Amino acid sequence: MRKNVPTTILVLQNDGSFLRDVPFSGLAPFVGDPGARVWIDLLEPEMADYDALQEVFHFHPLAIEDCHSNIQRPKIDDYGSYVFMTFHGLNLAEGKDPLEMVELDLFLSTNYLVTVRYDRLYSIREVQERVQKNPEILHRGPDVVLHAVIDRMVDYYFDLLQRLDEEMDGVEERLFAGATRSVLQEILDFKRRVMALRRVAGPQREIMNQIARGDCRMIQEGTRYYYRDVHDHLLRIADSLDAYRDMIGTAMDTYMTLLSNRTNDIMKVLSIIATIMLPLSLITGFFGMNFQKFPGLDNPYGIWAVVGAMLVVAGIMLAYFRRKGWL
Amino acid sequence: MRKNVPTTILVLQNDGSFLRDVPFSGLAPFVGDPGARVWIDLLEPEMADYDALQEVFHFHPLAIEDCHSNIQRPKIDDYGSYVFMTFHGLNLAEGKDPLEMVELDLFLSTNYLVTVRYDRLYSIREVQERVQKNPEILHRGPDVVLHAVIDRMVDYYFDLLQRLDEEMDGVEERLFAGATRSVLQEILDFKRRVMALRRVAGPQREIMNQIARGDCRMIQEGTRYYYRDVHDHLLRIADSLDAYRDMIGTAMDTYMTLLSNRTNDIMKVLSIIATIMLPLSLITGFFGMNFQKFPGLDNPYGIWAVVGAMLVVAGIMLAYFRRKGWL
Amino acid sequence: MRKNVPTTILVLQNDGSFLRDVPFSGLAPFVGDPGARVWIDLLEPEMADYDALQEVFHFHPLAIEDCHSNIQRPKIDDYGSYVFMTFHGLNLAEGKDPLEMVELDLFLSTNYLVTVRYDRLYSIREVQERVQKNPEILHRGPDVVLHAVIDRMVDYYFDLLQRLDEEMDGVEERLFAGATRSVLQEILDFKRRVMALRRVAGPQREIMNQIARGDCRMIQEGTRYYYRDVHDHLLRIADSLDAYRDMIGTAMDTYMTLLSNRTNDIMKVLSIIATIMLPLSLITGFFGMNFQKFPGLDNPYGIWAVVGAMLVVAGIMLAYFRRKGWL
Amino acid sequence: MRKNVPTTILVLQNDGSFLRDVPFSGLAPFVGDPGARVWIDLLEPEMADYDALQEVFHFHPLAIEDCHSNIQRPKIDDYGSYVFMTFHGLNLAEGKDPLEMVELDLFLSTNYLVTVRYDRLYSIREVQERVQKNPEILHRGPDVVLHAVIDRMVDYYFDLLQRLDEEMDGVEERLFAGATRSVLQEILDFKRRVMALRRVAGPQREIMNQIARGDCRMIQEGTRYYYRDVHDHLLRIADSLDAYRDMIGTAMDTYMTLLSNRTNDIMKVLSIIATIMLPLSLITGFFGMNFQKFPGLDNPYGIWAVVGAMLVVAGIMLAYFRRKGWL
Amino acid sequence: MRKNVPTTILVLQNDGSFLRDVPFSGLAPFVGDPGARVWIDLLEPEMADYDALQEVFHFHPLAIEDCHSNIQRPKIDDYGSYVFMTFHGLNLAEGKDPLEMVELDLFLSTNYLVTVRYDRLYSIREVQERVQKNPEILHRGPDVVLHAVIDRMVDYYFDLLQRLDEEMDGVEERLFAGATRSVLQEILDFKRRVMALRRVAGPQREIMNQIARGDCRMIQEGTRYYYRDVHDHLLRIADSLDAYRDMIGTAMDTYMTLLSNRTNDIMKVLSIIATIMLPLSLITGFFGMNFQKFPGLDNPYGIWAVVGAMLVVAGIMLAYFRRKGWL
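Protein chains in written order, with our numbering: chain Z, 1 to 327; chain E, 1 to 327; chain U, 1 to 327; chain L, 1 to 327; chain P, 1 to 327.
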């Protein structure tokens with residue numbers, strides 16, 4: 001029945017013996033034994049895999065449907081004997097859009113954890129390796145394993161914040177260097193990404209809060225401290241994202257202000273040039289008129305008088321601008 | 001007493017036999033039998049239909065009045081032995097305003113469901129067909145039938161979001177292509193529609209939340225999971241609408257900014273042209289004056305000296321602009 | 001003791017007999033009889049009326065003081081054996097400011113209702129007429145009478161919303177026709193009125209909510225459905241007012257944007273004209289210089305060469321503007 | 001021990017006899033007698049006064065420290081056998097900044113009230129005079145006296161609102177008369193004052209709400225109605241301040257809009273003049289060129305043809321502007 | 001085992017004897033004795049110090065990890081027999097960035113206090129000196145010592161507010177003196193700092209509120225009054241920061257408005273000059289045309305007629321501007 005999909009099944013028996021890649025058909029006894037621990041990780045499962053899963057666990061059809069579809073919003077649903085959760089992780093692989101989120105759906109009970117995803121998640125792989133080296137972690141409970149996974153996922157958020165921080169600094173620098181249209185586009189891009197992250201981080205934090213408060217029976221008393229710690233991390237991330245949003249708002253305002261500043265500068269130059277040149281042009285135009293009788297035109301020093309008058313006019317204008325503070 | 005209105009009455013008797021188009025006058029025994037299931041759907045009912053309805057069900061006059069009038073706001077009112085709800089659906093038929101909402105008023109009790117509407121609703125028709133093919137659905141309870149209807153209605157919202165998404169992309173593209181007045185009108189239109197949708201989606205979500213929490217006695221324990229699922233869908237829709245609102249706000253800001261950018265560009269061109277041309281014109285005007293004694297005018301190379309001076313002035317101006325970063 | 005003020009006193013005795021205009025001095029027995037029903041309506045009462053009132057009812061001095069003064073904010077105060085409320089109604093008489101609100105102060109107990117106001121209120125008069133035609137309404141309780149009054153008052157709000165709706169449409173139309181200063185003033189006026197209505201509607205809704213929830217012992221269980229209905233109406237009014245506020249905000253933004261748009265258009269025309277004319281003027285100025293030796297001036301085709309050059313310059317400029325998208 | 005500071009001590013003995021200016025050293029018996037009533041008012045107390053106070057009342061050092069310092073934020077602290085409160089009053093004396101607030105610190109217990117302040121407060125003086133005329137007020141309890149004081153303080157707020165109202169009207173009028181820089185400064189000043197008032201009124205209202213709800217054991221059941229009344233007044237003040245804030249926001253927007261309007265007008269005039277004059281100047285420049293062979297210059301009607309052409313050009317321009325709606 | 005790090009260990013034995021610099025290895029008996037009091041202050045601890053700490057106190061690994069890392073957000077975590085808190089203090093040393101915050105991590109139990117920090121904190125040193133002079137403070141409980149430390153830390157915030165206040169005044173003055181780009185940068189800098197302070201002050205206040213409400217078992221009943229006092233101080237700080245934020249928003253708006261004002265002024269000057277000069281230039285250009293037959297050119301008073309016409313045109317223009325209110 002099992003195809004060649006990358007499903008990882010880790011089982012820790014009641015007597016402490018550790019099994020890998022148990023077939024689905026052999027899982028039932030372990031799942032029924034409260035002393036055993038089972039972690040099943042499905043990567044890109046197909047319908048046949050879900051059917052096999054259902055034979056063992058009898059999950060609610062709504063939860064299975066949520067695994068299929070891309071549901072975009074973190075949530076926690078209590079189905080009595082197990083809870084269904086959805087989280088979103090980042091991979092931050094080189095050469096990928098750092099904001100491409102991977103949805104992780106999971107079923108958590110007191111003795112098993114089923115994780116389902118449709119893309120690579122480093123955090124899952126890292127914890128799998130840790131568990132295989134030290135099955136003791138699995139023995140401490142599926143909630144401990146889940147914490148390890150989520151903790152790693154949240155760590156990747158901090159890496160992303162680090163990157164965003166550097167980017168924001170760059171944007172602000174470029175902004176003061178010149179309020180160009182490409183900077184505007186950069187700011188808007190930045191905003192879109194921060195908004196997307198906020199939309200995921202908010203509900204995620206809310207879920208962690210519920211768990212930390214002890215609303216979820218699947219999490220042991222002693223493990224809740226660790227979930228509270230994750231909640232604190234998510235609070236800090238939310239703080240940072242709020243700070244970014246404020247900064248972006250300020251950056252947009254600054255952009256507009258700098259633009260107005262520049263329009264103002266341009267207007268000033270135009271005004272100064274025009275205000276000096278137009279009167280002088282009027283003077284030259286005046287003496288360019290072809291009246292036959294034009295007093296002064298025959299005066300040998302007339303041209304010098306005009307030059308003098310022009311200098312005086314220009315001087316008055318400059319003095320006016322200096323008084324206005326435009327020079 | 002019954003006129004030829006498109007009223008559909010589906011009854012599932014206690015013994016599992018399924019009846020269609022039972023007359024109003026024969027409904028009372030089924031309504032009184034807790035084992036029977038009744039679904040009455042009224043399309044564009046008139047006063048006579050309401051009177052017939054009242055004879056069987058004795059609904060509160062306020063609820064009947066709410067059916068008549070267009071109440072625009074989703075709500076849930078508990079009248080003891082039944083609840084009255086109002087929802088809004090979309091039809092998304094081709095060639096219609098995709099946001100034209102159809103109000104669905106309904107009465108839900110433990111063994112009957114009465115739906116009232118004044119326009120076509122695909123979701124109702126689809127579920128009616130499903131029930132007629134498989135009366136088992138009706139047997140599971142009127143709350144299950146209602147979930148099926150609402151679930152379809154919410155699915156249509158997602159279709160609308162899909163359309164809005166594409167439209168938003170188009171608007172943003174056209175915006176960066178040119179901040180014209182028609183783009184502004186498009187943004188404002190878009191905003192109006194998102195706002196209208198938000199106003200309906202918010203209370204609808206609130207009602208689903210109440211049902212999912214178990215505040216409504218007419219919904220069976222097992223069916224509540226399904227209503228929680230609808231609530232999750234409405235949460236995602238609300239998230240999307242919030243995201244759209246943010247995007248629209250950003251689009252308006254971007255519009256203003258691009259407009260300022262363009263005014264700035266225009267000013268720059270005007271300033272550069274005027275700042276170069278005005279001094280040169282002054283020079284030509286100067287030598288156009290008709291003084292009889294004008295040193296240099298009789299110099300055979302005077303004209304070349306002036307041309308040279310003009311080039312120097314223009315060069316200085318251009319250098320100044322380059323230093324200012326305007327070129 | 002009673003003066004000729006338009007006070008209306010309606011009494012329904014325990015035995016069902018209906019009395020009109022009982023003097024204050026004869027009220028005490030009815031008020032003391034839980035089976036009787038009393039509705040006193042005071043229009044523009046003076047101190048003597050209040051004194052007469054106090055002799056019968058012994059209301060708290062603070063509540064009486066609230067009747068005197070114009071308190072502007074809806075409220076509900078529980079004084080143990082009676083509650084004091086303040087509402088605001090509209091009259092919408094022709095030729096009056098439709099937003100001029102009339103304050104209605106009232107005392108409600110289990111068997112009497114005292115309404116006090118300083119201006120006409122159609123809703124009061126309508127209900128008075130209804131009660132006189134059918135004293136049965138009064139028999140059902142003073143809370144039922146009060147609901148009738150408030151229900152009518154809220155209906156008038158809807159009439160006002162209708163008017164505002166039409167006005168808003170007109171404003172938006174005129175706005176797109178031209179962003180003139182009078183449209184701005186219209187928008188600001190509209191805003192002021194919506195804000196004033198919001199300030200009254202908000203607390204009013206809150207009070208209805210308290211009553212609908214059953215916080216007020218003077219309202220019978222069965223009547224609460226009707227108050228919940230009024231609460232729903234006020235919720236819809238609040239939704240509409242929020243929608244108007246959003247629209248006004250958008251209208252202000254649109255105004256600014258259209259204004260910027262027009263400044264931009266004007267700048268464009270100015271720039272195009274100046275950018276074409278200034279270089280051409282420079283050319284004509286150049287050949288207007290009076291140098292004695294000026295190559296080309298004696299060329300018989302010189303003038304045509306200059307005309308050609310001017311056409312070329314103008315053509316280049318026009319091509320530049322077309323490329324910039326300004327034409 | 002007592003210095004010549006303006007401390008007023010009013011004592012109403014258990015047997016109804018009224019004493020003034022009892023020395024601190026003789027207060028202890030009255031304070032210890034639950035039937036006696038004591039009101040001590042300290043104006044600008046020094047350390048020695050506090051020491052004398054402490055000998056009798058043993059207040060908490062933190063509360064005494066709060067009396068010394070200017071704490072700016074209304075608050076209520078419960079210290080078990082007494083409560084410590086801080087309020088802020090206005091004096092509105094002629095020729096003073098109407099917003100200069102006077103902090104009133106006070107200790108309230110079941111049989112004594114201690115008020116401390118560092119400036120004149122009319123409300124305190126008025127109530128002192130009333131108590132001395134009618135010691136009965138003091139007999140009804142220190143909470144009744146306190147209500148009288150606070151009620152007067154809140155009344156002064158209404159006087160201030162009255163003034164602000166007139167001022168706001170003036171500002172709006174001057175704004176529409178001309179968006180000058182001094183109007184901007186006025187608006188900003190107005191905003192600062194409303195913000196300062198808001199910051200005090202908010203917590204004050206919150207405290208009154210606590211008292212009205214019955215959270216403070218020092219306030220008798222029957223007096224709470226009066227505090228609820230003060231709470232209502234503060235709610236109305238908060239409403240008014242919110243309304244002012246909205247108005248100021250609108251005024252700022254209007255200022256910007258009117259300014260843009262004027263820039264737009266100026267641009268329009270400039271554009272019209274330049275767009276008409278520049279082409280005409282080009283024409284005159286054209287015929288001012290000194291080509292020897294210039295067709296038309298020797299035509300005796302040439303000058304009239306040019307004048308005609310100029311009129312035609314100007315006419316076309318004016319028609320264009322009229323079509324654009326600029327004239 | 002102990003290295004030469006500046007760790008201060010103060011122990012007050014059950015019998016009242018005071019010990020300094022007890023080695024870690026000797027601490028266990030004091031920690032186990034509920035009558036003893038221990039305060040350990042670690043400055044820049046290394047792993048070995050944490051190991052020594054753990055041997056005595058067995059703190060939760062998550063809390064120890066929080067000590068290592070810079071967690072930026074104040075918090076309080078209850079670990080049963082002790083609480084872990086994080087606060088942030090300012091040092092305000094001369095020549096340092098006044099906003100550089102020092103994180104203080106601490107463990108509080110009923111008989112010991114452990115403070116951990118990675119930088120100097122004046123408030124810690126001051127309280128240490130006070131305790132060494134008067135060990136009685138330590139006797140009153142570690143919560144009293146902690147209050148002393150936090151109280152000093154909050155006092156430093158007020159010093160910072162004082163500085164910010166002066167700075168804000170300076171910024172506003174410079175703003176009205178001239179809306180230059182450096183003022184904009186100052187405003188933005190100011191905003192960034194206020195935002196950073198807000199982000200720390202908010203959670204800090206929340207923690208103090210929890211303690212003042214009595215949620216923390218490690219704080220004695222009598223000491224809670226003092227924490228409530230700190231909470232009040234933090235409320236006032238939050239009020240001030242909100243006020244600054246509003247002021248900054250207003251300053252930004254004012255900046256934009258003043259800039260628009262100046263652009264408007266510049267436009268006005270340009271328009272006046274251009275509008276007067278261009279028609280006059282047209283006149284001079286007109287009479288500069290070289291038509292052979294030009295009526296008036298041979299008129300000996302023609303020149304004077306033209307001068308007169310120019311004065312009339314200029315006069316009309318000036319009158320027009322005066323009427324427009326531009327002069």
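Hints are computed from structural coordinates only; laboratory data are not their basis.
None of these values were measured; they are calculated from a predicted model.
Heads up, some of the hints might be wrong.
Copies of the same chain are indistinguishable here, so a pair counts whether it falls within one copy or spans any two.
Simulated crosslink set (SDA-like; lysine to any residue; CA at most 25 Å straight-line) [said to hold, decoys possible]: (1) K324 <-> A177; (2) K133 <-> R152; (3) K324 <-> M47; (4) K324 <-> T7; (5) K324 <-> L175; (6) K268 <-> M256; (7) K133 <-> G302; (8) K75 <-> Y122; (9) K324 <-> E173; (10) K324 <-> F190; (11) K133 <-> I248; (12) K324 <-> R174; (13) K133 <-> N111; (14) K324 <-> S182.
Violating hint indices (sorted, rising) = 3, 4, 7, 10 and 11
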